[in-house]
Every structure is written in C-alpha cells, then in structure tokens.
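Peer 1: For reference, the chains in residue letters:
There are 4 protein chains.
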Amino acid sequence: MDVGFIGLGGMGSAMASRLIAAGHRVLVWNRSPAAAEKLRAEGAEVVANPADAFQADAVLTMLASDEVIEELIIAPGLLKGARPGLIHLVTATISVDFAKTLEKLHAEAGVAYVGAPVLGRPDVAAKGELNVLAAGKPDNIARVKPLLDAIGKATWVVGTEPHLANVAKLAANFTLVSAIETMAEAFAFCERQNVAPEKIAEILTGTLFAAPAYKTYSAAILERKFEAGFKLALGLKDVRLMLAASEKAGAPLPFASVVRDNFVDAIAHGEGDKDWSAVSRVAFRRANLAND
Amino acid sequence: MDVGFIGLGGMGSAMASRLIAAGHRVLVWNRSPAAAEKLRAEGAEVVANPADAFQADAVLTMLASDEVIEELIIAPGLLKGARPGLIHLVTATISVDFAKTLEKLHAEAGVAYVGAPVLGRPDVAAKGELNVLAAGKPDNIARVKPLLDAIGKATWVVGTEPHLANVAKLAANFTLVSAIETMAEAFAFCERQNVAPEKIAEILTGTLFAAPAYKTYSAAILERKFEAGFKLALGLKDVRLMLAASEKAGAPLPFASVVRDNFVDAIAHGEGDKDWSAVSRVAFRRANLAND
Amino acid sequence: MDVGFIGLGGMGSAMASRLIAAGHRVLVWNRSPAAAEKLRAEGAEVVANPADAFQADAVLTMLASDEVIEELIIAPGLLKGARPGLIHLVTATISVDFAKTLEKLHAEAGVAYVGAPVLGRPDVAAKGELNVLAAGKPDNIARVKPLLDAIGKATWVVGTEPHLANVAKLAANFTLVSAIETMAEAFAFCERQNVAPEKIAEILTGTLFAAPAYKTYSAAILERKFEAGFKLALGLKDVRLMLAASEKAGAPLPFASVVRDNFVDAIAHGEGDKDWSAVSRVAFRRANLAND
Amino acid sequence: MDVGFIGLGGMGSAMASRLIAAGHRVLVWNRSPAAAEKLRAEGAEVVANPADAFQADAVLTMLASDEVIEELIIAPGLLKGARPGLIHLVTATISVDFAKTLEKLHAEAGVAYVGAPVLGRPDVAAKGELNVLAAGKPDNIARVKPLLDAIGKATWVVGTEPHLANVAKLAANFTLVSAIETMAEAFAFCERQNVAPEKIAEILTGTLFAAPAYKTYSAAILERKFEAGFKLALGLKDVRLMLAASEKAGAPLPFASVVRDNFVDAIAHGEGDKDWSAVSRVAFRRANLAND
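Chains as they are written, first to last, in this note's numbering: chain A, 207 to 498; chain B, 207 to 498; chain C, 207 to 498; chain D, 207 to 498.
These aren't lab readings, by the way, just hints derived from the structure by calculation.
Misleading hints may appear alongside valid ones.
For chains that are exact copies, the list does not tell them apart, and a pair is met inside one copy or across any two.
[Stated by the list, open to error] Computed cross-link-like contacts, DSS-like style, restricted to lysine-lysine with a CA-CA straight-line distance of at most 27 angstroms:
| hint | residue 1 | residue 2 |
| --- | --- | --- |
| 1 | 306 | 405 |
| 2 | 437 | 333 |
| 3 | 405 | 351 |
| 4 | 244 | 421 |
| 5 | 286 | 306 |
| 6 | 437 | 454 |
| 7 | 454 | 405 |
| 8 | 405 | 343 |
| 9 | 310 | 405 |
| 10 | 454 | 443 |
| 11 | 359 | 244 |
| 12 | 306 | 443 |
| 13 | 421 | 359 |
| 14 | 437 | 421 |
The structure presented is a predicted model; accordingly, all values stated were derived computationally and were not measured.
Take the sequences, apply the hints, and build the full model.
Peer 2: This is the structure:
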C-alpha cells in the first residue's frame, strides 16, 4: 500500500520503519526534517508537505496532542484535500472529546477515520510488537489490517466509533500509571521498614503480578532508570485527558486524582523530562528516603 | 514431623489438609469443633486444647487477628508451656507491631518463631499452591522447610526477623487491593463511555497485565461473583494494618487511604460479608451505573 | 461615568443594577435580550451590540467562561474598536492562563485591563456587598474606584498584573468548596453516630468557625436548600480551573482533587443544576444516609 | 465543690487553675509531681494517689489517651473505690469506642459519667474561655455546671450518652484540621503564582472566613510559628481516632485520609513535636517552596 506518515518522534519513526520493512511505499513528513531524512535511508520517500502524505491509500498520524493535530491537519484543510478513498489512522493519545470532533470532521470531508492508539514504548515499536487499540468501521479496519499487522503484534478492536479506541487507551494508561504509583508506595513502605524493595518486587513479579507492567516498571523504579521512554510531562497530559474524560463521562477516578497531584509534585521538583516512572520519587521523597 | 495446627477456617483447614497429605502427624484444634472433626476423617488427631498443639515439633497458627492470638495463645501462656525445641509459625496477617511484640515474647519464652503469612485464597491453599512469605532465623526456616513445601508452591524468604514477613504481606495485599480499585475505576470509566469493561479487561490481561491478580479479579468484578473468598470486612482490617504500619514507618500511602474510604463506603452499603473485590461496586455506584 | 456592561445573568444584572443606582450611565448588552430589558426599566440604555458597550469610560464583562469571552469580545475585535481610554474590567472567574492571554491582547490593543472577579452570590451582589478582588495598574484601579465601590463593599487589591486577581479568586473558591466538603463529611460522620448535624453546625458556627462561609453553607446543606445560587456544574468548572492553575504553577492541590471527584459523582447523580453545596449529598450517599 | 483533677499537662494545669480561682477545693494529682506542686502554690491540695482524687464531689481527668485512662483509672479500680455520688468528667479526646466502654464501666461501678472534651489550647484554657462539648444525663450535667462554667466560656450539650461528646469533638477537630490543610494548599498555590499568601489570608479572614480558626492558623502557618500548642504527633492520634470512628460508623472521610497522609509525611520529616499546623509544611514542600 501507499502509506503517508506524519509525526516522526521516537514512536512515529519506529512505526514508520516497520511499515517500510513490511514492503509498503511510505511517504513521511516531520516538522523537523532530520527524522525524515533518517527514514529516507531506510527507503521512505520524504514529502515536502503534510498534505502530500494525505495522497496515499492510508495515512498514519502520530502527533503529540489535540492542538498539534488541529494545527497541522485540520486547520490547513488536509481532510478536504485528501485523496479519495484514503483512510486516516490517528495513532496518538488524544482526548476523547477531540476524537469525537475528528469523527465529525472526517464524516463531513468524506474521509475514512480509524482510531488506532498504541500500547508500548519506542523500543517495543521498533520490534513491531505494539498492541494496537483500534476502533472504526469494520471495513476500514479490514482495509488497513496489513498496516496494523506491520506495527503491532496484536490489534484489539474496541468498537465501531473511532473515539472508543481513545477511551480504551486512556483506561489502559490509567491502569499503568496506577500500577506505577502502587509500586512506588509499596516500595517506600517496605524500605522504611527494612524490607528490601527489590525483594518485594521479586515476590510480586514472581507471583500474582507476573506481568510486563510490573516487571518493566519495578526495575525502572528500583534502579532509578528514568531516561525518558515516555516523558513525565507528557504523562501528566495523559492523566489530564483521563480526568477530562472522567468529567464528561460522569465517572470519578480517585486514583487518577492522586496520581495527578504526584505528577504536579514531580514536575515542581524538576522531573518533567524524565520517564514518567520517575513519579515514584514522590513516594520516596514523602517518606524522607534517599532518592538517587 | 509432629505438627500442631490451630485455627481451621477456610484457609487453615486447607493448609492442615496439605500437611496431613504430606505424611505429617497433625494435631488440630479449632474453637468450633466441626472443622476439626472434618480433618479427623483425613487423618488428623483432634486435640482437646490449644496447649496440646504446642506439644509438637512445630505449630502453625492461622488465627484471624492480633486479638485472637493474644487471647488463645499468649494470655493462656502457651509459649511458656511449649515443648522444648518447638517452632511456632504464625501464618495469619497480623499487624507489624504485634509481630514485633511476638518476637519479644517468643524470645523470652525460648520458643522459635517464624513469620509465615501466605498469599492465596482457600482454593489455592487446597491445591498446596500458596506463596509463603517467610521471615525468621535461617536455621528455623530450614527446619520447617518440609512444612512450607507442603502448604505452598514457593517460599519467599524476606529476612531474619519474623515481623518482616508481615511487612511484605501487607505490601503484597496493598498491591492487590490497589489493583482491584484500579480495575473498578477503569471499568466504570469505560462503561460510562460505551466501551465494554469486558473488552478492556481482555486487552489488559492480554497485554501488559497478563497476571493472575488481574485475571482473577477482573473476572470477579465483571461477573459480580462476590461469594467471599476473602471477606470485605476482613479486607478492611488488612487495610487498617497497612495504614497503621505506614504511620509507624513514616511512609504515606495515599492509595491505601482512598481504598480505605471505599471499603467504609462498601460496608455502609451492606457489602461487608462479600468478597473484598465487591469494593468495586463503589466505583460503579459513584458513576451511577447499574451494580448487579 | 459612562459604563458598558456585558453579560446579564444573575450576577451581572445585580451588579449593573448597582451601577445604575449609583448614578452612572450604564450601557447594557446581553445575548438574550430579556435581562437587558429589565434593566432598561431601572434606567439602563440597552445597546444593540457588545461593541457599543465598549464605547464608554469603562466596560464590565461578566461572562461565563474563557470561551464566551473569546467568542463575544476577542474574536469580533472589540478591543481594537474600543473607545480610547476605556478600561475593561473582567469580573468573571476565568482561567489564569486566559487572563494572561488577555493581558497580552489588551496591551497590544492599547486597552487598559483590570482583573476584578468578585466574591459573593446574586443576593449579595444585589445589595452591593460583594468583595472585589482587583488586580491591575494602580492608576487604572484608581480610575474605576467609583465603579468598584458601587458593586462591592470592599475592594482587595491583589497585585498589578490583572491575572493575579484570578489566582486569588481561585484560591478563595478553593477555600470555600473545601469548607463545604468538610462540613458535608463532618455532618455525615455525626449523623451516622447519632449526633445531630444541626448541633455540630451550631457548635462550629458558634465557636471557631463563626464565619459567613460556615453559617451560609451549613444551613444550605442541612436544610437541603439547593436552589442554585451557584450551579454545581459551574462549580466544577471552577474546580477545573483551580486544578489547571495548580498544574501550571507546580502546586499540588489534593483537597481540590477529592472535591473534583465528588463533583463528578454529584453530576452523575443528576445534581449539576443544583447549587454547588449539593455536592454535600455525595458524603451522605456514601455513608448510606437519607439524602432528602 | 470538692473537685479532683488528674492529669496536669498544659491543658490540665490551666483548667485546674481556673477551678481553684472559682473557689473550689481542688485535689490534684499528676504522674510527674512538679506540675502538681505549681498548683499547690495557687491553693490546690496535692494528693498522693489518683484514687484520692476520686474522693470528691467530682473528678476531672485530662489524660493523653485511651491507654493512659485504662492504666491509671480503670485497671487500678478507681471507679469501684470512688466516693458515692461522685461524677467523673472525662475531658480528653478519646476514641468513641473507648468512651462507650467507659459508659459501661461507669454504669457497672455506679459512678456518674459525663463526657466533656474541650475546644481550645492552653492559652485559651488559662483564660477560662474553652468551649466544652458535654454529653451525659441532664442531672449530672446540671450538677457539674459550676465546674464547666469555671473552665469554659460556653458549654454545648451534645446528648445524653457521654460518648456523643467525643463524636462531636472529633468532628470539630476534623473541621479544624481540614481548615489548616485547606489554608496550606491555598497558600502554596498562591505563592507559586506570585500572589502573597499574606494577601489571600487577609482577604479570606476579612470576608467569608472571618473566624478564629482561620485567623489563628493562617498567622501560625505564614509566620511559621510552630511552637507546639498542640503537638503534631498528638494531632495524628486525633486523626487516627476520626478514621477509626469513621470506620465503625460507616462514614467515609476522604479529607481526613488526605490529612492523615500529610501528617505521616510531616512526621517523617521531623515535625512531630511541632504544632500540628506545621502539617502545612507538606504543601509547601510538595510545591518545592522554601519552607522556613
């Protein structure tokens, strides 16, 4: 297939790379051109404008926020200028509200729209092992199946309205960040009582919590390996999106509220550019434990 | 070995049963005799007094609380009357403070003491697949190894002071109850937004949260299967022990605080005798969702 | 003075009325004209367009949100068309961020800007007894002093940058809504233990809490008088603004987070159009107490 | 009247002093005798044993906790040895549960019992301006009215069962500590945004929050005057009693839960011996503000 790709940060570059490797013709565009040039070496065609990426069978956008999508895709009228028959896959974590707006705008422009946010970090994306949460008309999802297969090891179809994929993505991120906070509190609790956090991590991940989320993040927290896989400041954006959706939906999220305050605390202490698991430092700091 | 066993509730009976099956001579006692009689059929010797169970190589006690241990074991002087060389394994979830008191009392009475709380519910205990969190002098743990092997599939040695096993147990239960609360909030969040909670549970347990805790409890929560494996009112006791230890230790536990209030809410709504995963109803009720 | 007034809801109408009574020439505009007509009877001049209200010595705007100000004032270019020398007083509760944007826009258009949010509800406004939180250049505040005196019993100057008045207003509303939540929890706590909430309210307001906030709101909560003085759904908007400012500022606000979840709960239970003190029903409902 | 007084800490000494000044014959006892000797100079009779203080018309006890009352009054059998007709006034903050136990024990011993916890700190007690929260049989309260009048400026009768006074006292302390936390968060929020906390304190205490609680504690927080009027570690005890009562009563107290974690945080940072308003440092520290 001919596939456009807009937004070549860590995640986007890795995903585009997988599409190239799968044999698709990939038209890439990025605001800062260096990332695009790197993909040219792998076989991508670098296009001059985002609009050019919409002249394909499908286009994936991996842009940081509602605002950037508005600015780069919506405001310049890319939907109206899209090649007939194109399917737009929005793979970033955006607000549920904005996803609903996008549903309307795509319908008006006659452009097919699939919500396809992903679970996984850049290293996972590089291996093509993301989990894709997809929502959209079954036909549309079927048509882009080869693309989803190229970027992920599994596609989980959540529903027929694209915004439902964003609901699921926020729920998954909520679960993840709550697990991080839980570990942070548990580890500080243990350390203050002379039980090595490493021991409790070993027990948990060896028994009831033998799952990737706990294995990956307990190691990060205990080794203080906070090089950003997913920046804490962006993590706070996600928490904000959860809370905004919770408000609209009428579902309190007290754990997300606790986490929000801890992200604010972490950022006030200069940790916004670290990995979001650095929010664990808050629990350690509040227990007056050494934090390095 | 000759093994005493005091406290034959759901957990205790299953554990005693495993000890019998492993070929030990097991001397059982329970406040209400019916449970003891059932084990007699399996080969246990029913003793007339708790003191008799202390005339063995080792004795396991699985009693509901600090208070019951005080009443049945400490106040009547069972430690002082214990057979020389006996090792006492305290397998229930007790407070860290009381475990420290027990350390002192055992030392004074010259009785060996091993903290050995377990992870798992009665059905897991019946299969001998508990995880045992053990703490005590290495010699003592070595001597009771055959007993630990009979009741559990793994023994995790946490430290040399028995109370450390209780710290670890509270940390594990904290992690578990936080996972339950997380799922409850996430499911209510999804349901209010027309994403089937079953779908998000499938995604989570198929990806980052492919772990027993999430599989078991997402099913319980979504099928409203709240027949008590572990009573909610007892769960609140455990949360109280976490918070008490957190206070003593100087480690805030904001997630445990949120959970505490939800347990109080659940009990006020008549759910104290259900399984502790019924605390999930609080999130559904607060989101004004159907709850049956 | 010649004074424009845009936004004639309950608060705006009462404030405009006070300006008329103080002898100013008042040019009013409202989206739905009925409210303007009522003020005509009191002596106001009804203008056809918001722009006309900007042809005065000063203009007060009391509009519901950032968005409405953007739509009615900024987008149509009213600042650029304002009469030279006009001072714009923004009296509504807006976000700190938007207030900063307004500072820039006013500076660019050469229009003087005073932040002047108010404390008090429509009945207080009708008596001219509001407390005005003002921020702006001292000269500007001095020039509009007669207007501030007409609408309020006191003006509290917070700083020289207009947005600081909005920070103060959010802090005041935070304090107020935290007091409401505190009373709700305390009353439910007492009622479940057979102490009449009326008695504890009497004690508090007769001793350490002998203050208008506690007197007004304890009565509202206990008599379930929830006719909207300030709609709960708008209250949630204010809580959202607090949390947004808290994020930007780097100051966690855990009490606001608890309150947020309770507002979401209240709205899910159909209480969005009641007075914001109806958030107290959440504490009663969670304690399984009768709520009518 | 002949009045016994047991427990001569800061509060107890001041209250006993007022009883002497009112012309009563006061029999004092304290564990460390220095405090008793100081009152001898004012006219008190120092008795050798707590039991002697129970040989009077009434006895007030101001002891630090349930445990101390159990140890000094209950265990030694002072109730059974009390002079016939004596009324026992328990003026400390004790748990609701223990107050119920005391009701039973007094009834069994035939000793009249009045719950009479007080609002106010030592300096207020010294002026006889406490607020007394009283509960007990009307006859009993009537008989000790002269004593209540001597120590307080007002007596608030909460009910006929003594423990109800303790419920009310915990509700009052909950309200107070929630106000302190509210101010701490509001001040940190303001300071991070360049609004002087002193200014917002002035506004609040000049308008909706013109009440002693806000005046006293905003000054303490902003001037960092944390010489202990009421020790933070004792404050945590009170919060624990609130939460324990909340559990028994079935009334969630989310604000108390937030406060609890902040007290734990404060104590972990060495602030347990300061005044409980030093819990405000937590909000400042979490916002990364200077804290001295």
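Peer 1: Now tell me if each hint is right for this structure.
Peer 2: So, going through the hints one by one against the coordinates:
1. Taking the closest pair of Cα atoms, residue 306 and residue 405 come within 27 angstroms of each other only across two copies (20 angstroms); inside a single copy the shortest separation is 46 angstroms, beyond that limit.
2. For a Cα distance limit of 27 angstroms, the shortest separation of residue 437 from residue 333 inside one copy, 21 angstroms, qualifies, whereas the shortest one across copies, 44 angstroms, does not.
3. For a Cα distance limit of 27 angstroms, the shortest separation of residue 405 from residue 351 across copies, 19 angstroms, qualifies, whereas the shortest one inside one copy, 43 angstroms, does not.
4. Proximity of residue 244 to residue 421 under the C-alpha cut-off of 27 angstroms is found in neither arrangement, the shortest distances being 32 angstroms within a copy and 42 angstroms between copies.
5. In this homomeric assembly, residue 286 and residue 306 come within 27 angstroms of each other (Cα to Cα) only inside a single copy, at 18 angstroms, whereas the closest approach across copies is 35 angstroms.
6. Taking the shortest alpha-carbon separations for residue 437 and residue 454, both the intra-copy value of 26 angstroms and the inter-copy value of 16 angstroms come in at or below 27 angstroms.
7. With identical chains, the CA atoms of residue 454 and residue 405 are at most 27 angstroms apart between copies only, with a shortest distance of 21 angstroms across copies and 41 angstroms within one.
8. Proximity of residue 405 and residue 343 under a CA criterion of 27 angstroms is satisfied inter-copy only: 17 angstroms between copies versus 47 angstroms inside one chain copy.
9. Within a single copy, residue 310 and residue 405 get their C-alpha atoms only as close as 52 angstroms, which misses the 27 angstroms cut-off; across copies the closest is 25 angstroms, which meets it.
10. Taking the closest pair of Cα atoms, residue 454 and residue 443 come within 27 angstroms of each other both inside a single copy (17 angstroms) and across two copies (12 angstroms).
11. In this assembly of identical chains, the alpha carbons of residue 359 and residue 244 lie at most 27 angstroms apart only when taken from the same copy (24 angstroms versus 51 angstroms across copies).
12. Taking identical chains as interchangeable, the C-alpha atoms of residue 306 and residue 443 lie at most 27 angstroms apart whether they share a chain (18 angstroms) or sit on different chains (21 angstroms).
13. In this homomeric assembly, residue 421 and residue 359 come within 27 angstroms of each other (Cα to Cα) both inside a single copy, at 19 angstroms, and across copies, at 21 angstroms.
14. Only within a single protomer do residue 437 and residue 421 lie at most 27 angstroms apart by alpha-carbon distance; the minimum there is 19 angstroms, versus 29 angstroms between protomers.
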